[in-house]
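Residues 1 to 429 (the numbering used here) are what the sequence shown spells out, left to right.
Think of the hints as simulated: they come from the structure by calculation, not from any bench. Treat the hints with care, since some could be wrong.
Claimed, not checked - List time: in silico EDC-like cross-link candidates among lysine to aspartate or glutamate, alpha-carbon distance up to 16 Å:
1) 287 x 83
2) 134 x 314
3) 130 x 200
4) 94 x 2
5) 130 x 83
6) 134 x 200
To be verified - Quick list of the computed label-pair ranges, beta carbon to beta carbon:
7) 231 x 279: 17 to 27 Å
8) 197 x 279: 21 to 31 Å
9) 283 x 314: 40 to 50 Å
10) 314 x 231: 52 to 62 Å
11) 237 x 44: 43 to 53 Å
The beta carbon of each residue, even a glycine, is placed where N, CA and C say it ideally should be.
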Amino acid sequence: MDPLLAFVITLALITIVSLRYRISPFFTLIGGAVLFGFLAGMTFDATMLGIIAGVGKVFSAFGIIILCGAVIAKLLQEQHQIEEIVADIRRYVKNPPVIAGVSGYLLSVPITCCITAYIMLNPILDSLEKDRTKRNVLLYLAAVGGIISYALIFPTPVVIPLYEAFSSGMSPVLFDAISIPLSLLVLGGILLYFRFVHPDVVTPKRTESPAMSHQLPGTGTPVMRQGIHWQAWAPFIAILIAIPVALLLLHLSQMSMINVIMLVGAVTAIALASPSVRTQGLSQGAKHAGIIIFDICGAGALGYVIVSSGFAQDAMGRMTLLIPIILVPFILAALIETAQGSRVVTAVITAEVLAGSTVAGAIHPIPLILLISAGSCIVSYVTDPFFWLVQRTTGDDIKTVVKNYTLPIALAGIGIFIVALALEYLVFR
Numbered sequence: 001m002d003p004l005l006a007f008v009i010t011l012a013l014i015t016i017v018s019l020r021y022r023i024s025p026f027f028t029l030i031g032g033a034v035l036f037g038f039l040a041g042m043t044f045d046a047t048m049l050g051i052i053a054g055v056g057k058v059f060s061a062f063g064i065i066i067l068c069g070a071v072i073a074k075l076l077q078e079q080h081q082i083e084e085i086v087a088d089i090r091r092y093v094k095n096p097p098v099i100a101g102v103s104g105y106l107l108s109v110p111i112t113c114c115i116t117a118y119i120m121l122n123p124i125l126d127s128l129e130k131d132r133t134k135r136n137v138l139l140y141l142a143a144v145g146g147i148i149s150y151a152l153i154f155p156t157p158v159v160i161p162l163y164e165a166f167s168s169g170m171s172p173v174l175f176d177a178i179s180i181p182l183s184l185l186v187l188g189g190i191l192l193y194f195r196f197v198h199p200d201v202v203t204p205k206r207t208e209s210p211a212m213s214h215q216l217p218g219t220g221t222p223v224m225r226q227g228i229h230w231q232a233w234a235p236f237i238a239i240l241i242a243i244p245v246a247l248l249l250l251h252l253s254q255m256s257m258i259n260v261i262m263l264v265g266a267v268t269a270i271a272l273a274s275p276s277v278r279t280q281g282l283s284q285g286a287k288h289a290g291i292i293i294f295d296i297c298g299a300g301a302l303g304y305v306i307v308s309s310g311f312a313q314d315a316m317g318r319m320t321l322l323i324p325i326i327l328v329p330f331i332l333a334a335l336i337e338t339a340q341g342s343r344v345v346t347a348v349i350t351a352e353v354l355a356g357s358t359v360a361g362a363i364h365p366i367p368l369i370l371l372i373s374a375g376s377c378i379v380s381y382v383t384d385p386f387f388w389l390v391q392r393t394t395g396d397d398i399k400t401v402v403k404n405y406t407l408p409i410a411l412a413g414i415g416i417f418i419v420a421l422a423l424e425y426l427v428f429r
C-alpha cells in the first residue's frame, strides 16, 4: 500500500481506539506501528526491529531526564517543599497563567529541551492552582510556551541543524534578531488564545489582600514570610548552575548536558531529603516516571517505523511536482513531524532531504528555517511524545489535550508560516 495512505489509516485507527477504548497509549502506539508496517509492505521482522529501535532511541533520549524530574518532584512533594515554592512565587506573581507560559518559554532555551523544562515546572505549577481545570491550563501554557522558543530560537536542538544546513555563513545574531521578537509575538498570541478559550483562568484578577497572603491558597497552613525557601529551590538552582559548567568547563554535547544537569538536580534533591522521605520519594518517582517513559516510547516506536519506510523521501518527490516551491519545506516538515513526533528529528530529516536541493537554493535561509520550524508545529498529535506526557500529567482526555495543546501549537505554526512568507516576498526579494 502507498505509505501516505497507510499513514492516514494508521493515525485514524489510533485516534479511534484511543478515544473509544482508553487503552494505554504504549500498546495503542505499538499496535499502530505494527499496522503501519503491514500496510506499507514492510516485513514483520523489519517492523519489529524498527519498534525496538524506536523505543530504544526515545528511552535513551528521555529516560534519565524524566526519571530525574519525577524524583525531584516527588521528593519536594513528600517534604511539602512545593508549597514553600508556591508561597515564594505568590509574593511576586500576579497572573499565574502568564508566568506559566513565560517560564516554559525561557527555560526551554538554556536547558535545550522543552520536555525537561516542562518536567521542572510541573510540580510548581501543579500547586499554584487547587482547581483542576485552572491547574491544567497552567501546564498547557508551560508546554506550549516551551515549544515556541524551542522551535524558533538559536541555539536549540531544533534550530541548530537547520541553521547549519542553510545559513551559508549568516550570523546567528541576525537570525535571533528576527526569531526572538517573532517568538515573543507568537507567545503573546497564545496567551490571547487561552484568554479567549479559558477567560475565567487567564483573565487577570485582583491581587490578594495582605491578610490572605500569609497562608497558602486553598489551605490553612501558615507560611513563613522571612526570606526565600532556598532548600526547596535548591534542585532547580543546581540545574541552572550546572548548565554553564557543563557547556563551558566540561564541553559536553547538548544531549550529554541535558542528562547531566538533570542528574545534578536529582542528586541535590536526594542529598537534601531526610532519610525517612528519601526512600518513599525515590520509589514514587520511579513509578511515576515509568508510566510516562513507556507512553512516549510507544510514540518513538511508531515514528521510527514510519520514517524507516521511506515516508519522507516519497513525500518530497510528490510535493515538488504538485505545489509551489515555497510551500515544500513547510508541508514536508509538517508531514515528518506528524509521522514521528519529534521536532528535533523533523529538523534533522528535513535538513537532510532539502540540503543542496533546488528548494533550498530558491528560498532565503531565514524564511526557509522559519518555514520548517512552522511545519514542525502544525500537527502535534499521537506520535508526539510530549502530547502523551501532557496528557498523562494533566489527566485530561484526548479531545481536551488536542484543544489545549495541539490546536494552540498549530496556530503558532500558522503564525510563523505567515511571517516566513512575508519575509521571503517582502524583505528578502
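**Asked** Does the structure keep residue 130 and residue 200 at a Cα separation of 16 Å or less?
**Response** Distance of about 14 Å is within 16 Å: holds.
**Request:** Could you check the hint for me, namely that residue 197 and residue 279 are 21 to 31 Å apart, CB to CB?
**Result:** 42 Å, violated
**Asked** Is it true that residue 314 and residue 231 lie within 52 to 62 Å of each other by Cβ?
**Response** With a Cβ separation near 55 Å, residue 314 and residue 231 satisfy 52 to 62 Å, so the hint holds.
**Item:** Assessment of proposed distance window 40 to 50 Å (beta carbons of residue 283, residue 314)
**Value:** 47 Å, holds
**Item:** Holds or violated: residue 134 to residue 314, with C-alpha atoms at most 16 Å apart
**Value:** 44 Å, violated
**Asked** Taking 16 Å as the top limit, are the C-alpha atoms of residue 134 and residue 200 close enough?
**Response** 8 Å, holds
**Prompt:** Can the restraint linking residue 287 and residue 83 be considered satisfied, given a maximum Cα separation of 16 Å?
**Reply:** 22 Å, violated
**Item:** Given pair status - residue 83, residue 130, alpha carbons within 16 Å
**Value:** 11 Å, holds
**Prompt:** For the pair supplied as a hint, residue 94 and residue 2, is the alpha-carbon distance within the 16 Å limit?
**Reply:** It is violated: about 53 Å lies between the C-alpha atoms, which goes past 16 Å.
**Prompt:** Falls inside 43 to 53 Å, the C-beta gap from residue 237 to residue 44?
**Reply:** For residue 237 and residue 44 the Cβ distance comes to about 50 Å; the hint holds.
**Item:** Cβ separation of residue 231 and residue 279, checked against the hinted range 17 to 27 Å
**Value:** For residue 231 and residue 279 the Cβ distance comes to about 19 Å; the hint holds.
The structure does not agree with the numbered hints 1, 2, 4 and 8 stated previously, though it agrees with the rest.
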